[in-house]
Amino acid sequence: MKILVCISKTPDTTAKIAFADNNTKFAADGVQWIINPYDEWYALVRAIELKEADPSTIIHLVTVGPADAEPIIRKALALGGDEAIRVNADSHDSYYIASQIAETAKQGGYDLVFTGKETIDYNGSSIGGMVAELLDLPYVSLATKFDLEGTTATIVREIEGGEETNKVSLPAVVSCQKGMAEQRIPNMKGIMGARSKPLKVVEPAAVDALTSVASFDLPPAKASVKLVSPDTPEELVRLLHEEAKAI
Amino acid sequence: MSVLIFLDQSEGHIKKSSFEAASYGAKVAELTNTTAEAIVLGTVSDDLASLGRYGIKKVHTVKNDALNQVDSQVFTKILAEAANTLGATVIVFSNNFNGKAIAPRLSVRLKAGLVSGAVALPELGNGFTVKKNVFSGKAFAHVAINTDKKIIALNPNSYGIITTDGSAEVAAFAASPDAAKVQVTATNKVVGEIPLSEAEIVVSGGRGLKGPENWGMITDLAKLLGAATACSRPVADVHWRPHHEHVGQTGLAIAPNLYIAVGISGAIQHLAGVNRSKVIVVINKDPEAPFFKAADYGIVGDAFEVMPKIIEAVKKLRQAS
Ligand SMILES: Cc1cc2nc3c(=O)[nH]c(=O)nc-3n(C[C@H](O)[C@H](O)[C@H](O)COP(=O)(O)OP(=O)(O)OC[C@H]3O[C@@H](n4cnc5c(N)ncnc54)[C@H](O)[C@@H]3O)c2cc1C
Ligand SMILES: Nc1ncnc2c1ncn2[C@@H]1O[C@H](COP(=O)(O)O)[C@@H](O)[C@H]1O
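Top line first, the protein sequences correspond to chains A and B.
Basically the working numbering = 1-based index in the first sequence + 239.
Basically the working numbering = 1-based index in the second sequence + 982.
Some clues are possibly wrong.
Unchecked claim - Just a sample of chain B residues kept apart from chain A, beta carbon distances all over 10 Å, derived:
| # | residue |
| --- | --- |
| 1 | K1009 |
| 2 | S1027 |
| 3 | R1035 |
| 4 | K1040 |
| 5 | N1046 |
| 6 | N1066 |
| 7 | T1146 |
| 8 | F1155 |
| 9 | E1175 |
| 10 | N1196 |
| 11 | H1221 |
| 12 | S1247 |
| 13 | Q1251 |
| 14 | A1295 |
Unchecked claim - With a straight-line Cα cutoff of 27 Å, these simulated DSSO-like cross-link-like pairs (lysine-lysine) come out:
| # | chain 1 | residue 1 | chain 2 | residue 2 |
| --- | --- | --- | --- | --- |
| 15 | B | K1205 | B | K1009 |
| 16 | A | K345 | B | K1163 |
| 17 | A | K465 | B | K1205 |
| 18 | A | K465 | B | K1040 |
| 19 | B | K1171 | B | K1131 |
| 20 | B | K1059 | B | K1040 |
| 21 | B | K1093 | A | K461 |
| 22 | B | K1163 | A | K406 |
| 23 | A | K465 | A | K255 |
| 24 | B | K998 | B | K1260 |
| 25 | B | K1163 | A | K384 |
| 26 | B | K1045 | B | K1120 |
| 27 | B | K1120 | A | K255 |
| 28 | A | K436 | A | K241 |
To be verified - So the derived list for chain B, only partly shown, Cβ under 8 Å to chain A, looks like this:
| # | residue |
| --- | --- |
| 29 | A1123 |
| 30 | I1144 |
| 31 | I1183 |
The set of hints was computed from the structure by calculation and includes no laboratory data.
Just so you know, even glycine gets a beta-carbon here, dropped at the ideal spot from N, CA and C.
Using the sequences provided together with the hints, build the complete structure.
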């Protein structure tokens, strides 16, 4: 079993969101970067669990990003995984990124490609589906459980108001979310070991981006909260009914 | 040329989020001087001609029981054929669970740039730019689609459903679906509850409620308001509430008309999943709770004292109307 886990780098969940260069770029100064939580907690940890169950499993990590993505991919290697590939490109176009991942996947001959549910900065939730289409593979999106028996995977995925159990023969692409696994903290042995794991840098395939970000903006500041006395909570109900027309 | 809207259905009925996508698609057609057409796969019992109410001129159907289960690969192939045959230049999805599974694949197949999580109509002054949510609701990006064909996946509850007069023509679209590689072996829907992702009102509880035995006040209020229930992450982590109720950065992101947060501090990761709600109400005994900064209405008070009175007031309101 050979698994490719897609790892992206995102600003820390508490990072201040601001923009620079005439609102065309995210202001990255002083921002702490983390592994996208869905990639780390769910996709990567579940892959590591599969390797723990079957030690012959090989896990490769891939990130599409410039050199400053390396600390993140090393951190991911400290959690687990055998080697990492960084595609040396800087793009926010989902199709461009997915094409690079698909290229890597073709060369590695993987049974399984795991992505996170979405990146918490660009919120595309698109890369998994795109990679699947580029590889002409089945895709199970927003999976909350993943079990393997031989080369058949049983996957639970979220649907409106519930869940659905899917069965699929590998190879396949799966996007992972909460439920798949529990968050882990890398230990000293993992951190030391990660330093000697191979990190290959490859140049991107020539692909045209389909979209580009023209500008960013922030939502208008919220008016301050209207407080109702705790002695007259019924006043809140009146306001919601008559003023906000929300109930 | 046309705008083609994908209508997502479940158990024979078009989903509400698709009516919104239809309204949006009809407006895009108007702005680009073309017509709005829609496509639905599988067997649907709804009256499809009535989709004219949302501005749809023609509904294409592929009636086939095999298509009542969504396999993104099978759906993508049919939708690509339809888009090509019908000359669709803009394809609109709701950015719901199935939209997230299919739209990215179709983007690759048609080489059509995709904006997922759109929140407004395209800006057409200079190219074709769509505003979308980024940074988990904390900002917006204006994304230019640089291809001839374009795909927009609209965030539920961001545009609204707009009705007019009119009736749509209904026509069969000939397509033979491939065998699905993904088999659905079970479906487990929470019955009798309103799906969180589709709810207009959501009542949510946090660690301030102390334990699962106190959730009656959340579920009672939700029932009275026809609302869905939600919770903060730690509440789901300790299994006071089921996982699917967890909202926030790592849970579900929702955008109801009204979000009522009880005993939730309003951590930035929680806000990331609820900050697109139209009206936010916060009930918290700590006046310094960060949630008040994001709220429209608030009560600084003990939930255990305040909630029963709110429930009584809603009961009275319901009896009066
Ligand atoms: C990477 C990351 C991702 C995360 N993702 C999420 C996420 O998706 N969703 C999420 O919710 N959290 C998430 N968190 C956790 C988040 O940071 C907070 O810890 C969490 O939201 C706090 O939950 P809470 O408000 O229920 O509990 P607390 O922070 O414990 O707050 C309880 C609140 O209840 C109030 N209270 C207590 N008693 C009463 C009473 N009697 N009446 C009224 N009010 C009372 C208190 O004043 C307090 O404000 C994430 C954290 C990280 C690091
Ligand atoms: N630059 C990238 N490099 C590698 N994987 C990525 C990258 N961007 C996104 N992904 C993967 O694709 C998933 C979905 O991303 P998105 O479609 O951008 O929301 C993420 O959770 C990652 O697993």
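Structure-based check of each hint:
Annotated as non-interface, B:K1009 keeps its C-beta farther than 10 Å from every C-beta of chain A; the closest such distance is 21 Å. Distance check on B:S1027: its Cβ is at least 18 Å (rounded) from any Cβ of chain A, clearing the 10 Å threshold; non-interface status holds. In this structure B:R1035 is separated from chain A by more than 10 Å, as the shortest Cβ-Cβ distance comes to about 22 Å. Non-interface call for B:K1040 relative to chain A: holds, since the shortest CB-CB distance, roughly 26 Å, exceeds 10 Å.
Its beta-carbon lying about 19 Å from the closest one in chain A, B:N1046 satisfies the requirement of being farther than 10 Å from that chain. At the 10 Å boundary, the C-beta of B:N1066 stays outside the reach of chain A, the nearest C-beta of that chain being 16 Å off. With a least CB separation of 22 Å from chain A, B:T1146 remains clear of the 10 Å interface cut-off, as annotated. The non-interface label for B:F1155 is consistent with chain A: the shortest C-beta to C-beta separation is roughly 21 Å, beyond 10 Å.
Distance to chain A contradicts B:E1175 as a non-interface residue, since its nearest Cβ pair spans about 7 Å, not more than 10 Å. With a least beta-carbon separation of about 17 Å from chain A, B:N1196 lies farther than 10 Å from that chain, consistent with its non-interface assignment. No Cβ of chain A approaches the Cβ of B:H1221 within 10 Å, the least distance being about 13 Å, so the stated non-interface status holds. Residue-level check passed: B:S1247 sits 13 Å from the nearest beta carbon of chain A, beyond 10 Å.
A cut-off of 10 Å between C-beta atoms contradicts the statement that B:Q1251 is not in contact with chain A; the least separation is 5 Å. Distance check on B:A1295: its Cβ comes as close as 4 Å (rounded) to a Cβ of chain A, failing to clear the 10 Å threshold; non-interface status is violated. Taking the CA atoms of B:K1205 and B:K1009, the gap is near 35 Å; set against the 27 Å cutoff, the hint is violated. With a C-alpha separation of about 20 Å, the suggested pair A:K345 and B:K1163 falls inside the 27 Å cut-off, and the hint holds.
At most 27 Å may separate the alpha-carbon atoms for a hinted pair to count; A:K465 and B:K1205 meet this at roughly 25 Å. The suggested pairing of A:K465 with B:K1040 is violated, with an alpha-carbon distance near 47 Å, which exceeds 27 Å. For the given pair, B:K1171 sits about 36 Å from B:K1131 by alpha-carbon distance, which is inconsistent with the 27 Å threshold. Between B:K1059 and B:K1040, the direct Cα distance comes to roughly 21 Å. Compliance with the 27 Å bound is thereby established for this hinted pair.
For the hint pairing B:K1093 with A:K461, the CA-to-CA distance comes to about 39 Å; that exceeds 27 Å, so the pair is violated. At most 27 Å may separate the alpha-carbon atoms for a hinted pair to count; B:K1163 and A:K406 meet this at roughly 8 Å. About 26 Å separates the Cα atoms of A:K465 and A:K255, which keeps this hinted pair within 27 Å; it holds. Taking the CA atoms of B:K998 and B:K1260, the gap is near 18 Å; set against the 27 Å cutoff, the hint holds.
Distance restraint check for B:K1163 and A:K384: the Cα-Cα separation of roughly 18 Å lies within the 27 Å cut-off, and the hinted pair is therefore satisfied. The suggested pairing of B:K1045 with B:K1120 is violated, with an alpha-carbon distance near 41 Å, which exceeds 27 Å. For the suggested pair B:K1120 and A:K255, the alpha carbons sit about 9 Å apart, so the restraint of at most 27 Å is met. Among the hinted pairs, A:K436 with A:K241 is consistent with the structure: their alpha-carbon atoms are about 17 Å apart, no more than 27 Å.
Contact between B:A1123 and chain A, as hinted, is supported at the beta carbon level, the nearest pair being about 5 Å apart and thus within 8 Å. A cut of 8 Å between beta carbons decides the hint on B:I1144: the least distance to chain A is about 18 Å, and the hint is violated. Given hint, B:I1183 at the interface with chain A, holds; its Cβ is 7 Å from that chain's nearest Cβ, closer than 8 Å.
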